[in-house]
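**Q** Sequence:
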Amino acid sequence: MFSELGINISVATTMFLKQVVRYNGIPFELRVDPFYSVENQTRLLESKKRMEQAGGTVHELIEVDDDEIMG
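Counting from 1, position 8 in the sequence shown corresponds to residue 8 in UniProt numbering; the numbering is continuous, with no gaps.
Everything labelled a hint here was simulated from the structure, so no lab data went into it. Among the hints, a few may not be true.
Here are the simulated SDA-like pairs of lysine to any residue, each with C-alpha atoms no more than 20 Å apart in a straight line [as the list claims (entries may be wrong)]:
| id | residue 1 | residue 2 |
| --- | --- | --- |
| 1 | K48 | V58 |
| 2 | K18 | N8 |
| 3 | K18 | P34 |
| 4 | K49 | D66 |
| 5 | K48 | H59 |
| 6 | K18 | I7 |
| 7 | K49 | V32 |
| 8 | K48 | V32 |
| 9 | K49 | V64 |
| 10 | K18 | F28 |
| 11 | K18 | L30 |
| 12 | K49 | D65 |
| 13 | K48 | L61 |
| 14 | K49 | F35 |
| 15 | K48 | E60 |
| 16 | K18 | G6 |
| 17 | K48 | F28 |
| 18 | K49 | F28 |
| 19 | K49 | L30 |
| 20 | K18 | E29 |
| 21 | K48 | P34 |
| 22 | K49 | E39 |
| 23 | K48 | L30 |
| 24 | K18 | L5 |
Ranges of calculated distance between the beta carbons of each label pair, as one might list FRET restraints [what the hints assert, rightly or not]:
| id | residue 1 | residue 2 | range |
| --- | --- | --- | --- |
| 25 | N8 | M51 | 27 to 35 Å |
| 26 | V64 | I26 | 38 to 46 Å |
| 27 | F35 | L5 | 44 to 52 Å |
| 28 | D33 | N8 | 43 to 51 Å |
| 29 | L45 | V20 | 35 to 43 Å |
| 30 | F16 | L44 | 30 to 38 Å |
| 31 | K18 | I62 | 32 to 40 Å |
| 32 | V64 | V32 | 49 to 57 Å |
| 33 | K18 | A54 | 53 to 61 Å |
| 34 | D33 | L61 | 48 to 56 Å |
| 35 | G56 | F16 | 46 to 54 Å |
| 36 | L45 | G6 | 40 to 48 Å |
| 37 | M15 | F35 | 28 to 36 Å |
Glycine included, every Cβ here is placed at the ideal spot set by N, Cα and C.
Please take these sequences and the hints and turn them into a complete structure.
**A** Written as structure tokens, this is what we have:
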């Protein structure tokens, strides 16, 4: 990956560390995808359990290209 940018891992690390000093912190936003939070995973498992207990039906997701819809 770094070779595509014309640098190696050592240069990339140095660049990152210089940005940390210049920015006085991590030079980009760090976020966690809320989909994988404990709360959301618990909610999904509870929903799945309710669906299975109620005899719900599982359907496959069918993806259609926009070109097929528009004709």
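**Q** Going through the earlier hints one by one, which of them does the structure break, listed in rising order?
**A** Violated hints (numbers, rising): 3, 4, 7, 8, 9, 12, 17, 18, 19, 23, 25, 27, 28, 31, 32 and 34; every other hint is consistent with the structure.
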